[in-house]
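Chains U and W, in that order, give the protein sequences. Quick note: the first sequence, position 347, residue 347 per the working numbering, numbers continuous. Quick note: the second sequence, position 275, residue 275 per the working numbering, numbers continuous.
Read the hints as simulated data drawn from the structure, not as lab findings.
Pairs of lysine-lysine residues, derived as DSS-like cross-links and limited to a Cα-Cα distance of at most 30 angstroms, are as follows:
# : chain 1 : residue 1 : chain 2 : residue 2
1 : U       : K3        : W       : K54
2 : U       : K265      : W       : K82
3 : W       : K103      : W       : K54
4 : U       : K312      : W       : K82
5 : U       : K82       : W       : K54
6 : W       : K54       : W       : K84
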Amino acid sequence: MKKIVEKLVNIVGAEFVSDQPEERYIYSMDPGTMPPREPDFVVMPGNCEEVRQILIVANRDEIPVVPLGAGLVLSGLTRALKGGIILDMKRMNRILEVNETSRYAVVEAGTSQGMLQAYLKKHHPNLKHSAPDAPPVATIAGNVSIHGSGHLSHAAGFHSDMLNGLEVVLPTGEVARIGSCATSSYWFSRAPLPDLAGLFLGWAGTTGVITKLAIKLYPSYKYNDVGIFVTEEAQLIPDILHRMTGTQVAEDMTTWMAPKPDWAKGFLHCDINFGANTKDELIWKRNLIRASVQEYIDQKVAGFMPLPPAMKQPFLEVPARTLSRFADVRRGGGFEYVGAIMPVDLFPEAYKVGLEIADRLNVNYSLGSRIIGVNHCMMFFYAYAFNRADPADVERAQKALEETNRIVVDMGGIPWKAEAPAQKEIIRKMDPNMFDLMNRIRAVLDPKGIMNPGNWEED
Amino acid sequence: MQYEEILHRCFRCGYCKLPGNYIDFNCPAYLAFCFETYSPGGRMWLLRAWLDKKIETTDRFQEILFSCVNCGNCVEQCTFPKFKDQLLLAFMAGKEELVNAGKVPPAVRDCLTNYQNHGNPYGFARKKRHGWAEDLEVDRFSEHEYLFFPGDVGSYDSRGQEICRSVARLLKANGISFGIFGADEVSDGNEVNAMGETELFKYLAEENIKTFNASQVKKIITLSPHAYNAIKNDYPRFGGQYQVFHYAQILAPIIKQQTYKSDAPPMRVTYHDSCYLGRHNGEYWSARTLLSSLPGIQLVEMDRNMQNALCCGGGGGNIFTDILGSGANNPTRTRVREAAETAAEVLAVACPLCAVMFEDAVKVERLDGRIEVKEISEIAAEIIDKAS
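With the hints as extra help, turn the sequences into a complete structure.
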């Protein structure tokens, strides 16, 4: 162990390596329910070359490596299931390029959502990126690599769809560029080359370490608005979303259902966020959205909630700061959610299941969804709060999550950024040839199996 | 441990690491060390683990706790109402536990010993406390309207003394009736309290209160925002009830009322908010009012200003203990780089601790010649002297 520390210190410097109990403890878990797994070392590289050298050492000595963004995945994907190195990427947080005309940004993998958001506001106020509702310390690379979604996902899909290119360090130490940046100094797209980005998206860090990436940027509108469409009938939601997304004027559409505050209980709320360059354009968009669901308004089975300007503000905030407060519902600092990627058709069933599980297991819940693309699919979330000081309460939330994961898979959905046990549920349903292909690819990329072992594995 | 019931309630969402505009990390210790353990959330969870005996009282654990400089950014940015108000109190309670167990970093131990033995963090003789005023005609407090309280840095540090003299001169020039106690006062104790030595803080506070009350002090002007904080917010619970002002609050309305004419070239200035004026006491405008009342001052803001200001790194006793070290990411160096990015020629401060911290950092960052650290009364005196 001492020799390994020496090697790591030689690469990144003593102040950025720790094998101390304090770091091993804090880096053994995330804020979710998954049990702790201690790393042997925490290392913070400062550039791609340092990552490369660390992976060469790890590969030679067969030391597991777990890349870490902000550690906010909640499903325990960045725990060192088999010990080894946690590679904390936060020092690599430089914003390398913003191409205003071609609307993309090139950033290092430790760049946070908040840092890019602030940088664009200051230097490129006409541009924005799609930020998730995760806290602003969440990294762009982390969110892209797990197929995250965010405030422009109705307009532009998963965050991985907004990826233009990658620089990755392979487990064997080679540095590869993927996308247009492989052949050009511009990071404008992944097409028309063979799209190898998929080798690093959705793999839970088991195929390599992303060190740089380019993401698409979008117009930042001067005028922004939100409407909240409300109904009590879950079976209407797929068609409501189909109609509203068909107008293609919104940037983001989310639904939410929660027992608190009291006025919200029993209602299904659909938030529609849209922006425009002029007031006239904003009104025109608002009218288009309204017209798309006028039939339901006329039938008096749904309608827009009256929202004074002051009430709109929290719904326009990106990211929504208040979302984290769900962790304090049980005055216990914890929540975790199953984010199920599924077709919008399944909304009524998904909703019913969520209510049933929360009621049966007596857990505090919040349910909702984010539309991905033009109603192409949704991320339906089942969030359960827990008190981390009460092991029985943590266990209850764990049980709710496990059960939800299982039901989601059986329903035809796929848990997003799934916990290691949920990954096994997915593998259970997966075409065996796909899983075999995954293993063959991994064997080529990572012959010694050092990258985040314990993930995407069968029992 | 006090506040131990809140430790597990931190979700570690990380808003506390950032300023409100998210532009960069804004927790001084986290900025300096980068490990999650040094973030407010990491510290909360470590304290819980320590109380549960999952973590020993190691040197590193001590360093992690004492790396908190009490800047209050975490309190400002935390998204959990009410809970947030107890964050710093929990960290101070954790330090208090270590102090009571006699397990603190050596630099903290030495610093606290100096406070204990000499009534100041430097270990200098108490009788030299009024050395700053020797070449000034400053009265001993008797029936003056105000007591002027210079604090430790203003009393003993050579740069602090310069600032103290400058403020005293400006107060005198504007007809403010004030006196001092010199060797009869001791440290305000703000940093002692921040370091968790609550009994020593109580002793220091009571010593000062005894002196103040014996002379029927009613109003106090402090040089240091740190003293302002302690005397205003903590002394009342020990029986010290005074009207407390930071000198900027006294000088700003006076200077604003006056008209100066000056042909001097314009001076581009960026103002750094001291944590104990700003976040801890909500005082953001007096220094800005003072500066913008002066002819030729062009005030520009840094990206992180007012409640989002990055701490100079000197609070929590760190100016004396240097737990945060001198690395490139330490908050002091980061802040002077940020100030220089505004193209300001002057980094203005209203706190002697900030001045001392930044002047060193300007040299380390080789920004001499590009930006100069000046205290606001010095800027005022310089401009007023040249003005008609």
